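> Order-wise, the sequence lines are chains A and B. Using the UniProt record's numbering, you'd call the opening residue of the first sequence number 1 and step up by one each time. Using the UniProt record's numbering, you'd call the opening residue of the second sequence number 1 and step up by one each time.
Check before you lean on any hint, since a few could be wrong.
Note: identical chains are not told apart, hence a pair may lie in one copy or across any two.
To be verified - In silico EDC-like cross-links for lysine to aspartate or glutamate, where the CA-CA straight-line distance does not exceed 20 angstroms:
id, residue 1, residue 2
1, K222, E62
2, K228, E83
3, K23, E242
4, K209, E242
5, K5, E219
6, K209, E127
7, K35, D203
8, K120, E153
9, K2, D43
10, K76, E36
11, K76, D159
12, K209, E244
13, K76, D43
14, K5, D87
15, K23, E83
16, K128, D200
17, K76, D229
18, K104, E179
19, K228, E175
20, K5, E75
21, K228, D170
22, K2, D99
23, K40, D159
24, K228, E244
25, K35, E75
Bear in mind the hints are in silico, worked out from the structure with no lab data behind them. Computed from a predicted structure; not experimentally measured.
Protein chains: 2
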Amino acid sequence: MKQNKYDDPNFFSAYEQMPRSVKGLEGAGEWHILKELIPKLKDKNVLDLGCGFGWHCRYAREQQASSVIGVDISEKMLQKAREMTNDPLISYLKAPIEDIDFSKSQFDVVISSLAFHYIKSFKSICEKVYDCLKPGGIFVFSVEHPIFTSRNEQDWYYDEQGNRLHWPVDNYQIEGLRETSFLNENVTKYHRTISTYINDLIDTGFIIKAVKESVPSNEMLKSIPEMKDETRRPMFLMVSAEKENS
Amino acid sequence: MKQNKYDDPNFFSAYEQMPRSVKGLEGAGEWHILKELIPKLKDKNVLDLGCGFGWHCRYAREQQASSVIGVDISEKMLQKAREMTNDPLISYLKAPIEDIDFSKSQFDVVISSLAFHYIKSFKSICEKVYDCLKPGGIFVFSVEHPIFTSRNEQDWYYDEQGNRLHWPVDNYQIEGLRETSFLNENVTKYHRTISTYINDLIDTGFIIKAVKESVPSNEMLKSIPEMKDETRRPMFLMVSAEKENS
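One chain only, chain A, in its complex shape (with noise of 0.2 angstroms):
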C-alpha cells in the first residue's frame, strides 16, 4: 500500500483549509518561483503528478495545453479535483505516483508539486518521468527542501520565550523515512539529500535546466509580515530538468 495520507477525515479537512487548498496557486508561496520554471504550454500534452485539488491542471489548460491528465492517489483529492474542473481536456486518474505506466514519450511537460517527499524512491520517478517524457521535454517538480525534512521534527529552534532562533539541521546525509507531524497529523516523509535529487536525475539521462530554493515575494513579504522568516531557511526545492532531445 502506498501513503495516502490525504484520504484520512481530519488530515484531509485540514488540508482543506490551507490558503493554497482554498485561493489555489495565488496562495501557495513558492508558485511564483515554481511558474517561472514551467516552459510554454501551448498546445503541449502536460502530466501532473500528485495533483491534488487540480490547480496545476487547470492552469495549464488555462496557458491552453492541449490535454492534461493529473495523478493522485487520494480520492478525496480527486473528488474535489473533478468538482472544480469543467474541461473534458482535462483528466485525473487515480493511482499512486510510484505506479505511472504512460505511453514512452506521451508528454511535453511533466509537473509535480509537493508530492515526491513522500515517496521512497525517486530514481524510480525519474526512470518513469524520463520513459514518458518526449526528447526535448521538461520535467518540472517542487519538493520540500533536503534542509526543511532533514530531522523528524520538521520545526523552528524556540528559545525559551518561543522565538524562532534559527533552523535546526541534523541527520542530514542519512536519507529515508522521517515521522513528522503535518497539519496536527502523523505523517511519514522520505528525506533525502540535494545531491540525490540532483544526481537521480542526471543519471536517468536528464540535463539540469535550474534548480530554485523557495523565497517569498517582495508582495508577499509586504503583505505576510511572517513570511520574512522564509528567507531564514529555504522550505521549498524546485528543479526543471530537460529530457535531452537526441
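With the hints as your guide, set chain B onto chain A.
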C-alpha cells in the same frame, strides 16, 4: 585588494598544522569524493585555482597530466608549494583567482578546492573558467556548503554541557559577506545558496555532471570517531560541470 588571509603569519602557521596541510590530500576528509569527480588527467592541461600548497597540482602530474598551472593569491602558500614540488611541468602563478586571464580553450580540466567561498562573485569565475576551458572540458570544485556558511557563527548549536545539539541554519537566502572565525582568526567568507552555485554554472553554459555533499568515508568513520558528526550536516559542496562540446 582581494582577500589574502593566508599571508597573515598567525593564520598561515595555524593552517600549516591542519591535517590537510601536513598529510595532503589523504588528510582532507572530502578527498575521496572530490577525486571521483576529477576526470582522467593523463595528457591533459590542468589549472588549479587557489592551489595552496600544490597538493592537487602534484596529484595531477602523478596522474600524468601534461602540464599544470597552480594559481594562488598568497606568496606564503606558493613558497611552500614550490618547496614541495620538484617538477618542471608544474608552474605556480601568484594572482587573485578573480584576475586570471588565460588564453581561450587553454585547459582540459580546471580544479578548485575550497577557494570560491572567499570570492565575491562566483558568476565571473564561471565565465573566466568557461572561457579558458576547451569544449568538452571539465570544471570540478569544492566549496564550503551553503548549509555550513549561512550564519556568521558557522558552528554547531550546543547545550549547556557543550554537546552538539544540531547545526543551525539562518539567513540562508541572504547572500553575501559572513564575518566568521577559522583557525582562531577573523575570516571573511561569502555565503551563497546552492541554487546560485548551480544556476550560475548553467547560465554560463556549463552542463552539471554531478553534485556531491561531503560525507566521511567508512575508513575515516572507523579511524576518526569525531567524523560521525560529519553525517549530521554537509560541510562541503562539490560540483562537476562540463563545457558543452559544440
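> Compare the structure with each hint and give your call.
Hints and how they fare:
For the identical chains of this complex, K222 and E62 are neighbours neither inside a copy (28 angstroms) nor across copies (57 angstroms), given an alpha-carbon limit of 20 angstroms. In the homo-oligomer, the alpha carbons of K228 and E83 never lie at most 20 angstroms apart, since the shortest distance is 35 angstroms inside one protomer and 52 angstroms across protomers. Within a single copy, K23 and E242 get their C-alpha atoms no closer than 30 angstroms, and across copies no closer than 42 angstroms, so neither meets the 20 angstroms cut-off. Taking the closest pair of Cα atoms, K209 and E242 come within 20 angstroms of each other both inside a single copy (7 angstroms) and across two copies (14 angstroms).
Taking identical chains as interchangeable, the C-alpha atoms of K5 and E219 are never at most 20 angstroms apart, the minima being 33 angstroms within one chain and 41 angstroms between chains. Taking the shortest alpha-carbon separations for K209 and E127, both the intra-copy value of 17 angstroms and the inter-copy value of 17 angstroms come in at or below 20 angstroms. In this homomeric assembly, K35 and D203 come within 20 angstroms of each other (Cα to Cα) only across copies, at 19 angstroms, whereas the closest approach inside a single copy is 26 angstroms. Proximity of K120 and E153 under a CA criterion of 20 angstroms is satisfied intra-copy only: 19 angstroms inside one chain copy versus 35 angstroms between copies.
In this assembly of identical chains, the alpha carbons of K2 and D43 never lie at most 20 angstroms apart, being 33 angstroms within a copy and 52 angstroms across copies at closest. In the homo-oligomer, the alpha carbons of K76 and E36 never lie at most 20 angstroms apart, since the shortest distance is 29 angstroms inside one protomer and 47 angstroms across protomers. Taking the shortest alpha-carbon separations for K76 and D159, neither the intra-copy value of 39 angstroms nor the inter-copy value of 45 angstroms comes in at or below 20 angstroms. When the C-alpha separation of K209 and E244 is checked against a cutoff of 20 angstroms, the pair qualifies both within a copy, at 11 angstroms, and between copies, at 14 angstroms.
Taking the shortest Cα distances, K76 and D43 never come within 20 angstroms of each other, neither inside one copy (30 angstroms) nor across copies (62 angstroms). For the identical chains of this complex, K5 and D87 are neighbours neither inside a copy (27 angstroms) nor across copies (64 angstroms), given an alpha-carbon limit of 20 angstroms. Taking the shortest alpha-carbon separations for K23 and E83, only the intra-copy value of 15 angstroms comes in at or below 20 angstroms, while the best inter-copy value is 67 angstroms. Taking CA atoms no more than 20 angstroms apart as the test, K128 paired with D200 passes inside one copy only; the shortest distance there is 12 angstroms, against 29 angstroms between copies.
In this homomeric assembly, K76 and D229 never come within 20 angstroms of each other (Cα to Cα): the closest approach is 32 angstroms inside a single copy and 43 angstroms across copies. Taking the closest pair of Cα atoms, K104 and E179 never come within 20 angstroms of each other, the shortest separation being 36 angstroms inside a single copy and 53 angstroms across copies. In this assembly of identical chains, the alpha carbons of K228 and E175 lie at most 20 angstroms apart only when taken from different copies (15 angstroms versus 29 angstroms within one copy). Proximity of K5 to E75 under the C-alpha cut-off of 20 angstroms is restricted to the intra-copy arrangement: shortest distance 11 angstroms within a copy versus 61 angstroms between copies.
In the homo-oligomer, the alpha carbons of K228 and D170 lie at most 20 angstroms apart only across protomers (12 angstroms), although the nearest pairing inside one protomer, at 23 angstroms, exceeds that limit. In this assembly of identical chains, K2 and D99 lie within 20 angstroms of each other by CA distance solely inside one copy; the values are 9 angstroms within and 55 angstroms between copies. In this assembly of identical chains, the alpha carbons of K40 and D159 never lie at most 20 angstroms apart, being 46 angstroms within a copy and 51 angstroms across copies at closest. In this assembly of identical chains, K228 and E244 lie within 20 angstroms of each other by CA distance neither inside one copy nor across copies; the values are 38 angstroms within and 39 angstroms between.
In the homo-oligomer, the alpha carbons of K35 and E75 never lie at most 20 angstroms apart, since the shortest distance is 26 angstroms inside one protomer and 49 angstroms across protomers.
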